[in-house]
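Each step along the sequence shown adds one to the number in my numbering, with nothing skipped, and position 248 is 441.
Within a straight-line C-alpha distance of at most 20 Å, the following computed DMTMM-like cross-link-like pairs (lysine to aspartate or glutamate) qualify:
hint, residue 1, residue 2
1, 408, 238
2, 427, 440
3, 408, 380
Derived from the structure by calculation, the hints contain no laboratory data.
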Amino acid sequence: MSLEKVRHEHILIRLTSNKKVSVASLAQELEVSMETVRRDLKAMEDHGQLRRIHGGAVPVVGEQDRPLHERTRMAAKEKSRIAALAVPLLKAGMTVFLDTGTTTLAVARELARVAQLTVFTNSLDIALVVSQQNRHRVHAVSGLLRANDNALLGYDTLDSVRKYTFDIALMGIAAVHPEAGLMDYEDHEAELRRVLVQQSRASVILADYSKLGKKARIHTLPLSAINIMVTNAKPIDAVTAALQQAEVELIHG
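Make a model of the complete structure from these sequences and hints.
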């Protein structure tokens, strides 16, 4: 692991325990200059791992609180890499569910490279992207519209999903922790992912490196509940070991 990644992991651990970090204290703990810490915090903010404030940083409350156009720009290269790794999992004739999120949206943009699929989604943006490819059948499930990202969520969404069986579900996640498992910030998203695991023959989590080793508010699922995890870089050792123990196939860049 690079020294930069070691510093970033230390900062995330401090944020989890203290809810706030200062540039000065981090520089002392990491034995680097304050300018190095400021660069680290800027890079981590660009990847959605924290929010900078004067003199330091605080945790990000939750990605869903940001407008979709902002989230799409965060870690865009990483999400494109995950999409490229995930698309080969999809075969002609499959019935696929893509849940709402910027990483699954990146996958949707690559589906023109796949033979005909039946695509279900709770994202109006994903439904539009896939339908414009004139290649796949697209179903948008019912639900209450969340305005900042055009996601359909709620009890109607869960009832709609329970009517179907999917060959594969590709899902985003807020955090992947070696002990706490798969975690989210929002109850409706967590419950949808639980139902998708039940209704799918194969369950795939798409998570960029910034979410690995991180905690969120809600315990969504144990790692053993899914079949495959796709990420853009090899996870830290603790996450890799936990995935192996849970018998989850790991695909990484």
